[in-house]
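A.B. asks: Sequence:
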Amino acid sequence: MMDYHRQNKVDTRIARIFNTYGPRMLENDGRVVSNFIVQALRGEPLTLYGAGDQTRSFCYVDDLVEALIRLMNIDGVHDPVNLGNPGEFTIKQLAEEVVNICGSSSGVRYLPLPQDDPKQRKPDISRAQTLLEWTPTIPLNEGLKKTVEYFKQRVSSEVD
Numbered sequence: 001m002m003d004y005h006r007q008n009k010v011d012t013r014i015a016r017i018f019n020t021y022g023p024r025m026l027e028n029d030g031r032v033v034s035n036f037i038v039q040a041l042r043g044e045p046l047t048l049y050g051a052g053d054q055t056r057s058f059c060y061v062d063d064l065v066e067a068l069i070r071l072m073n074i075d076g077v078h079d080p081v082n083l084g085n086p087g088e089f090t091i092k093q094l095a096e097e098v099v100n101i102c103g104s105s106s107g108v109r110y111l112p113l114p115q116d117d118p119k120q121r122k123p124d125i126s127r128a129q130t131l132l133e134w135t136p137t138i139p140l141n142e143g144l145k146k147t148v149e150y151f152k153q154r155v156s157s158e159v160d
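Heads up: the sequence shown begins at 1 in our numbering, then just goes up one per residue.
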């Protein structure tokens, strides 16, 4: 993108998107949010790798779309801009929140932590805050409730 911008003077934008979740995720996309929600709604144990103390940051899709629109509408920004939510949660905290929101009695199944699994993923969104005047506004709990409602309809239709 940067080479194309430099060589051809094309007005480009580079969004570095971090963990995003929300309605319309696929049940089998392999992401932790959808995995946990589907497992909890089915009454299956939630699969945690390691002790679940690795941290992740989760950005609700509406916040991400707002950031992308702002990025598209700003002039002169061609370097990458990180878009995500810097709020950190352990995977174990995410699992507990999902079970609570789903009203599930699912337990947890611990599997070995993959060797290449990062201990922490947290975006530095300072450029997005400065250039786009953007900060995510939807807390994890609120976004998860909306996402669970979507998955409830999908998972219940599997049984029908």
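Just so you know, not all the hints are guaranteed correct.
[As the list claims (entries may be wrong)] Keeping only pairs whose Cα atoms sit at most 27 Å apart, straight-line, the calculated DSS-like set for lysine-lysine is: (1) K152 - K92; (2) K9 - K92; (3) K146 - K122; (4) K92 - K122; (5) K145 - K122; (6) K119 - K152; (7) K92 - K146.
[Said to hold, decoys possible] Quick list of simulated restraints, FRET-style, between CB atoms: (8) S105 - D79: 43 to 53 Å; (9) I14 - P112: 28 to 38 Å; (10) N141 - D11: 34 to 44 Å; (11) D11 - Q120: 32 to 42 Å; (12) D124 - M1: 12 to 22 Å; (13) V108 - R6: 30 to 40 Å; (14) E44 - R6: 45 to 55 Å.
Calculated directly from the structure, the hints in this document are not laboratory data.
All C-beta atoms, glycine included, are put in the ideal place defined by N, C-alpha and C.
A.B. asks: Could you run down the list of hints and mark each one as holding or not?
C.D. replies: Cross-check of the supplied hints:
{"no.": "1", "hint": "K152 - K92", "in the structure": "22 Å, holds"}
{"no.": "2", "hint": "K9 - K92", "in the structure": "47 Å, violated"}
{"no.": "3", "hint": "K146 - K122", "in the structure": "23 Å, holds"}
{"no.": "4", "hint": "K92 - K122", "in the structure": "16 Å, holds"}
{"no.": "5", "hint": "K145 - K122", "in the structure": "22 Å, holds"}
{"no.": "6", "hint": "K119 - K152", "in the structure": "31 Å, violated"}
{"no.": "7", "hint": "K92 - K146", "in the structure": "20 Å, holds"}
{"no.": "8", "hint": "S105 - D79: 43 to 53 Å", "in the structure": "48 Å, holds"}
{"no.": "9", "hint": "I14 - P112: 28 to 38 Å", "in the structure": "35 Å, holds"}
{"no.": "10", "hint": "N141 - D11: 34 to 44 Å", "in the structure": "38 Å, holds"}
{"no.": "11", "hint": "D11 - Q120: 32 to 42 Å", "in the structure": "34 Å, holds"}
{"no.": "12", "hint": "D124 - M1: 12 to 22 Å", "in the structure": "20 Å, holds"}
{"no.": "13", "hint": "V108 - R6: 30 to 40 Å", "in the structure": "50 Å, violated"}
{"no.": "14", "hint": "E44 - R6: 45 to 55 Å", "in the structure": "50 Å, holds"}
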